[in-house]
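Undergrad: So the chains spell out like this:
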Amino acid sequence: MTGARETVLSIRDLSVAFGQGPGEVLAVDKVSFYIGKGETVALVGESGSGKSVTALSVMKLLPYPAARHPSGSILFKGRELLSMEEREIRRVRGNDITIVFQEPMTSLNPLHTIEKQIREILLIHQGLAGEPARARVIDLLAQVGIPDPEGRLASYPHQLSGGQRQRVMIAMALANEPDLLIADEPTTALDVTVQAQILKLLKDTQTRLGMSMLFITHDLGIVRKLADRICVMHAGKIVEQGPVERVFTAPEHPYTRALLAAEPKPDPAPPRPQAPVVVKTDDLKVWFPIKRGVLRKVVGHIKAVDGVSVEIRKGETLGVVGESGSGKTTLGLAILRLISSQGPVVFMGHAIQGFKFKEMRPYRRDMQIVFQDPYGSLSPRMSVSDIIEEGLWVHQPNLNAAERTQRVVAALKDVGLDPQARFRYPHEYSGGQRQRIALARALVLEPTFIVLDEPTSALDMLIQAQMVDLLRDLQKRRDLTYMFISHDLRVVAALASRLLVLRNGKVVEEGAAAELFKAPQSDYTRALFAAAFKLETAPEGVVAQ
Amino acid sequence: MDAKAREDFAEAAVDTPAGSLQPLIFRFTLSPLNKRRWENFKLNRRGYWSLWIFLALFVISLFAEFIANDKPIYINVNGHWYVPALVTYPDTAFAKDKDPNLFGTAADYRDDYLMGLIKKEGGAVLWPPIRFSYNTQVSKPPSPFPSKPTWMLTQKDCEFAATHGFAKCGELEYNWLGTDDGGRDVLARLIYGFRISVLFGLCLTIVSSVVGVAAGAVQGYFGGWTDLLFQRFIEIWTSIPSLYLLLIISSVLVPGFFVLLGILLLFSWVSLVGLVRAEFLRGRNFEYIQAARALGVSNAVIIFRHLLPNAMVATMTFLPFILSSSVMTLTALDFLGFGLPPGSPSLGELLSQGKANVQAPWLGLTGFFSIAIMLSLLIFIGEAVRDAFDPRKTFR
Numbered sequence: 001m002t003g004a005r006e007t008v009l010s011i012r013d014l015s016v017a018f019g020q021g022p023g024e025v026l027a028v029d030k031v032s033f034y035i036g037k038g039e040t041v042a043l044v045g046e047s048g049s050g051k052s053v054t055a056l057s058v059m060k061l062l063p064y065p066a067a068r069h070p071s072g073s074i075l076f077k078g079r080e081l082l083s084m085e086e087r088e089i090r091r092v093r094g095n096d097i098t099i100v101f102q103e104p105m106t107s108l109n110p111l112h113t114i115e116k117q118i119r120e121i122l123l124i125h126q127g128l129a130g131e132p133a134r135a136r137v138i139d140l141l142a143q144v145g146i147p148d149p150e151g152r153l154a155s156y157p158h159q160l161s162g163g164q165r166q167r168v169m170i171a172m173a174l175a176n177e178p179d180l181l182i183a184d185e186p187t188t189a190l191d192v193t194v195q196a197q198i199l200k201l202l203k204d205t206q207t208r209l210g211m212s213m214l215f216i217t218h219d220l221g222i223v224r225k226l227a228d229r230i231c232v233m234h235a236g237k238i239v240e241q242g243p244v245e246r247v248f249t250a251p252e253h254p255y256t257r258a259l260l261a262a263e264p265k266p267d268p269a270p271p272r273p274q275a276p277v278v279v280k281t282d283d284l285k286v287w288f289p290i291k292r293g294v295l296r297k298v299v300g301h302i303k304a305v306d307g308v309s310v311e312i313r314k315g316e317t318l319g320v321v322g323e324s325g326s327g328k329t330t331l332g333l334a335i336l337r338l339i340s341s342q343g344p345v346v347f348m349g350h351a352i353q354g355f356k357f358k359e360m361r362p363y364r365r366d367m368q369i370v371f372q373d374p375y376g377s378l379s380p381r382m383s384v385s386d387i388i389e390e391g392l393w394v395h396q397p398n399l400n401a402a403e404r405t406q407r408v409v410a411a412l413k414d415v416g417l418d419p420q421a422r423f424r425y426p427h428e429y430s431g432g433q434r435q436r437i438a439l440a441r442a443l444v445l446e447p448t449f450i451v452l453d454e455p456t457s458a459l460d461m462l463i464q465a466q467m468v469d470l471l472r473d474l475q476k477r478r479d480l481t482y483m484f485i486s487h488d489l490r491v492v493a494a495l496a497s498r499l500l501v502l503r504n505g506k507v508v509e510e511g512a513a514a515e516l517f518k519a520p521q522s523d524y525t526r527a528l529f530a531a532a533f534k535l536e537t538a539p540e541g542v543v544a545q
Numbered sequence: 001m002d003a004k005a006r007e008d009f010a011e012a013a014v015d016t017p018a019g020s021l022q023p024l025i026f027r028f029t030l031s032p033l034n035k036r037r038w039e040n041f042k043l044n045r046r047g048y049w050s051l052w053i054f055l056a057l058f059v060i061s062l063f064a065e066f067i068a069n070d071k072p073i074y075i076n077v078n079g080h081w082y083v084p085a086l087v088t089y090p091d092t093a094f095a096k097d098k099d100p101n102l103f104g105t106a107a108d109y110r111d112d113y114l115m116g117l118i119k120k121e122g123g124a125v126l127w128p129p130i131r132f133s134y135n136t137q138v139s140k141p142p143s144p145f146p147s148k149p150t151w152m153l154t155q156k157d158c159e160f161a162a163t164h165g166f167a168k169c170g171e172l173e174y175n176w177l178g179t180d181d182g183g184r185d186v187l188a189r190l191i192y193g194f195r196i197s198v199l200f201g202l203c204l205t206i207v208s209s210v211v212g213v214a215a216g217a218v219q220g221y222f223g224g225w226t227d228l229l230f231q232r233f234i235e236i237w238t239s240i241p242s243l244y245l246l247l248i249i250s251s252v253l254v255p256g257f258f259v260l261l262g263i264l265l266l267f268s269w270v271s272l273v274g275l276v277r278a279e280f281l282r283g284r285n286f287e288y289i290q291a292a293r294a295l296g297v298s299n300a301v302i303i304f305r306h307l308l309p310n311a312m313v314a315t316m317t318f319l320p321f322i323l324s325s326s327v328m329t330l331t332a333l334d335f336l337g338f339g340l341p342p343g344s345p346s347l348g349e350l351l352s353q354g355k356a357n358v359q360a361p362w363l364g365l366t367g368f369f370s371i372a373i374m375l376s377l378l379i380f381i382g383e384a385v386r387d388a389f390d391p392r393k394t395f396r
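Chains as they are written, first to last, in the numbering used here: chain F, 1 to 545; chain S, 1 to 396.
Note that these hints are calculated values from the structure, not bench results.
Watch out, some of these pointers could steer you wrong.
Here are some, though not all, of the chain S residues that point toward chain F, as calculated from beta-carbon distances under 7 Å [to be verified]: (1) F286; (2) E287; (3) Y288; (4) A291; (5) R293; (6) A294; (7) G296; (8) I302; (9) I303; (10) H306; (11) P309.
To list a few chain S residues with every Cβ distance to chain F over 12 Å, as calculated [said to hold, decoys possible]: (12) F58; (13) G104; (14) P141; (15) I289; (16) F389.
So the derived list for chain F, only partly shown, Cβ under 7 Å to chain S, looks like this [stated by the list, open to error]: (17) K285; (18) L336; (19) L338; (20) I339; (21) E359; (22) R361; (23) F371; (24) G376; (25) L378; (26) S379; (27) R381; (28) G391; (29) V394; (30) Q396.
In this text, a Cβ means the ideal position worked out from N, Cα and C, and glycines have one as well.
The task is simple: from the sequences and hints, build the whole structure.
TA: Spelled out as structure tokens, the structure:
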């Protein structure tokens with residue numbers, strides 16, 4: 001193991017508490033671990049398990065005095081960080097210890113150029129300015145693999161892609177050659193192909209600079225690929241830690257075992273080439289016009305969905321995969337006629353293209369949608385019962401109160417929620433439970449076809465697996481037809497009977513899921529699968545940067 | 001083993017077995033959501049007590065005619081009963097025989113002759129606690145107007161009254177807060193003034209909120225040209241210096257309760273528009289609005305059920321301020337003399353009298369404290385209401 005290695009960071013009995021008096025919440029409870037020089041330690045756990053709070057307390061970035069440390073010590077190269085003066089700790093931050101956050105969209109200042117943001121760090125910690133600073137910025141950008149770094153200096157964050165922004169964040173973190181890099185879910189917001197590139201970049205830089213890394217994630221695949229040691233956090237405590245190989249092969253704690261078993265089991269509904277067609281589109285197009293000038297002349301189109309033909313048969317699940325911006329969600333919305341599109345859409349034998357909102361209403365009962373964000377898709381000001389029964393008011397207005405309640409209760413039972421609690425507000429439920437509520441809202445109308453728009457991507461691993469099981473179970477019981485949109489190929493593999501790979505609004509590949517996963521035909525699909533399942537980067541030119 | 005371990009860490013509510021059904025009748029009689037809001041409201045002790053104090057004051061002031069009036073509540077004479085506080089009687093109604101001193105005009109119950117007559121005939125008279133209305137002139141003052149609150153009179157004041165031909169201290173009517181420079185009882189005017197201020201404020205708030213929310217909703221929901229034109233109009237409208245315009249209009253029109261309401265409404269409706277519009281613009285792209293569209297819910301229902309409740313909480317946070325500013329605007333106009341017609345009871349007029357008569361601090365102090373307390377109560381209530389409507393707020 002790492003006994004001979006020099007210890008860079010050593011955390012002992014660290015606790016973090018928020019609030020005061022009876023409302024006090026212990027977010028982190030007596031956590032101890034260490035990081036050796038050049039070592040990568042992964043901190044794994046569900047959202048709310050206290051992993052980010054642990055990392056932020058190393059930087060002393062918590063909202064003090066609302067947060068307190070009832071116990072513990074954080075030794076960084078023999079110096080105690082917890083008792084350090086604010087002025088001193090500022091010298092450590094961004095110089096000896098740096099951090100890369102999850103959200104590349106918001107962690108860069110949108111009003112400053114990239115050059116200015118990186119130079120600021122160089123100026124503060126190294127006093128570097130003028131021409132040498134500029135050269136160093138270019139050098140850093142080249143290191144993190146930004147093409148044409150000199151030309152990019154004057155770019156603003158919004159002119160870069162998500163992956164490039166995260167690269168800039170890493171460049172900023174590396175600017176002073178830190179001893180410890182904290183990466184707080186740096187790839188969660190990125191596409192799988194970009195994720196693979198970023199992980200590779202982090203790994204390469206680490207070996208080159210010999211720095212230590214504290215990697216926070218909920219994705220066990222990444223841990224296995226990247227980390228030397230792993231700390232599993234649950235409810236503020238580290239329940240297990242040890243070398244990656246040992247923890248993955250012989251987990252000791254039941255929670256670790258549960259986490260490792262949480263991979264969604266692949267058991268998709270079989271393709272049914274004989275079953276009646278539920279949804280059929282032919283050369284479906286969703287083009288958004290680009291208007292320029294005073295007269296708003298149409299100068300071109302953004303082709304969100306460009307000539308996609310889909311055929312979904314009863315009882316099947318069509319998995320739609322692709323990177324963000326590939327038109328997956330737009331395709332789903334167009335099929336449900338929630339945005340305007342060109343090209344015929346046939347739903348259960350009826351051509352519904354060009355129908356007005358009112359004409360669509362009778363069909364809405366049979367086609368439903370579940371959205372990605374369990375926090376945004378439920379009205380925060382309506383009780384769960386009101387949310388679920390809303391569709392009944394529209395489609396079966398002659399039901400009486402008792403019948404409506406019965407339907408709501410039945411739908412809640414179907415998705416495995418306690419119908420007693422139906423008068424509560426959505427915010428009293430966890431993310432997974434909210435997603436079940438959204439599903440109940442769709443199910444209460446007893447639809448034939450449900451568009452599932454990334455219903456699991458905002459959920460923790462354990463909950464994800466539960467959700468997949470639930471969806472599969474419902475499909476079997478009710479003979480539902482799904483269109484499952486996701487960028488998470490493992491979840492898609494667990495559910496999809498047929499697969500549609502989209503890129504830039506066009507179909508790259510289509511076919512039975514089992515065969516496609518085994519033998520992808522196009523380079524793009526192969527790259528996508530490699531990135532998702534093995535976290536491998538693709539040769540240049542196949543995927544976006 | 002795996003399945004077992006997974007169950008152990010599954011979400012708690014998922015594992016609890018579905019219980020039996022609640023009785024279905026509760027659904028409509030109890031409304032648990034509003035009950036919870038009420039509970040949350042009660043948890044804010046300051047707001048809760050402010051509500052009760054304010055309601056008590058308001059309800060009392062609604063019955064001002066029975067508390068401060070120059071007409072008795074009830075007279076029983078010659079076997080008939082009369083309610084002078086509500087009905088106007090000719091003075092001849094109280095006399096058994098024809099009396100040369102009574103002319104059949106509206107009875108003046110502060111007239112010693114009439115009251116003596118009723119007493120002589122053995123009539124029972126029930127007076128309100130304060131025997132002045134807002135426009136009753138005190139007939140026997142101890143000093144020139146404005147005169148001190150009666151309990152503040154010193155021996156020296158009594159001597160002054162006796163030597164200068166004013167009423168002697170022994171035969172004074174009681175003025176709890178003194179009289180103003182028109183010789184009217186300040187407490188009576190305060191009660192009536194409070195009532196008219198609150199009623200005016202409530203009317204203005206309700207009407208301007210309805211107009212403002214509707215305008216904001218239309219702009220936010222439809223967007224585009226509607227929004228653009230409306231916004232430019234509002235920008236021009238709000239750049240008009242409203243107080244000067246109010247002064248001009250109120251000097252042209254004969255000011256009265258409803259005329260003032262209309263004039264103030266011209267400008268007060270704008271305050272909520274931006275807020276509601278922003279909420280609608282934000283809200284119409286939420287996923288749950290999309291979900292409602294996917295359910296086939298119509299536009300009107302989406303506006304009222306999904307978007308308006310969101311906008312209402314933002315509106316709620318502003319309502320106490322709009323209410324207090326409505327009261328303030330009326331007070332300001334009255335203070336400047338452009339408000340309610342002369343003689344009407346009003347807090348602004350009381351303040352301006354306080355300013356004009358610095359030697360009579362009971363005028364200014366009464367005005368100041370009544371307005372300060374009223375506005376504070378309103379703000380406390382508003383804060384508590386706002387918190388109660390916030391579903392994310394937790395009280396610990």
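Undergrad: Look at each hint and say if it fits the structure.
TA: Status of each hint after checking the structure:
Nearest Cβ of chain F to the Cβ of F286/S: about 6 Å, under the 7 Å cut. The hint holds. For E287/S, the shortest C-beta to C-beta distance to chain F is roughly 4 Å, which falls under 7 Å, so the interface hint holds. With 7 Å as the threshold, the beta carbon of Y288/S comes within range of chain F, its nearest partner Cβ sitting at about 5 Å, so the hint holds. Annotation: interface hint on A291/S holds; nearest CB of chain F at approximately 6 Å, less than 7 Å.
Look at R293/S: its Cβ gets to within about 6 Å of chain F, closer than 7 Å, so that hint holds up. With 7 Å as the threshold, the beta carbon of A294/S comes within range of chain F, its nearest partner Cβ sitting at about 5 Å, so the hint holds. With a cut of 7 Å, the hint placing G296/S at the interface with chain F holds, because the nearest CB-to-CB distance is about 4 Å. With a least beta-carbon distance of about 10 Å to chain F, the hint placing I302/S at the interface is violated under the 7 Å criterion.
Proximity of I303/S to chain F is violated relative to the hint, the smallest CB-CB distance being about 13 Å (cut-off 7 Å). Of the supplied interface hints, the one on H306/S holds, with its beta-carbon coming within about 5 Å of a beta-carbon of chain F, less than 7 Å. Against a cut-off of 7 Å between C-beta atoms, the interface hint on P309/S holds, since the closest Cβ of chain F lies about 4 Å away. At the 12 Å boundary, the C-beta of F58/S stays outside the reach of chain F, the nearest C-beta of that chain being 29 Å off.
Once the 12 Å rule is applied to beta carbons, G104/S is consistent with being away from chain F; the minimum gap is 64 Å. Residue-level check passed: P141/S sits 59 Å from the nearest beta carbon of chain F, beyond 12 Å. Some Cβ of chain F comes within 12 Å of the Cβ of I289/S; the nearest lies about 8 Å off, and the non-interface call is violated. Some Cβ of chain F comes within 12 Å of the Cβ of F389/S; the nearest lies about 9 Å off, and the non-interface call is violated.
For K285/F, the interface hint is violated, the least distance from its beta-carbon to any beta-carbon of chain S being 21 Å, above 7 Å. Contact between L336/F and chain S, as hinted, is supported at the beta carbon level, the nearest pair being about 6 Å apart and thus within 7 Å. Nearest Cβ of chain S to the Cβ of L338/F: about 6 Å, under the 7 Å cut. The hint holds. Checking I339/F against chain S: minimum C-beta separation of about 10 Å lies over 7 Å; hint violated.
Given hint, E359/F at the interface with chain S, is violated; its Cβ is 11 Å from that chain's nearest Cβ, farther than 7 Å. For R361/F, the interface hint holds, since its Cβ comes within 7 Å of a Cβ in chain S; the closest pair sits about 4 Å apart. Residue-level restraint check for F371/F holds (minimum Cβ-Cβ distance to chain S is 4 Å; threshold 7 Å). Here the hint on G376/F is kept, as its CB sits about 4 Å from the closest CB of chain S, short of 7 Å.
A least Cβ separation of about 6 Å between L378/F and chain S falls short of the 7 Å threshold, and the interface hint therefore holds. Annotation: S379/F was flagged as interfacial toward chain S, and the flag holds, the nearest CB pair being 5 Å apart, inside 7 Å. Annotation: R381/F was flagged as interfacial toward chain S, and the flag holds, the nearest CB pair being 4 Å apart, inside 7 Å. Checking G391/F against chain S by beta carbon gives a least distance of about 4 Å; that is within 7 Å, so the hint holds.
Annotation: interface hint on V394/F holds; nearest CB of chain S at approximately 5 Å, less than 7 Å. Annotation: Q396/F was flagged as interfacial toward chain S, and the flag is violated, the nearest CB pair being 12 Å apart, outside 7 Å.
In summary, the numbered hints that this structure violates are 8, 9, 15, 16, 17, 20, 21, 30.
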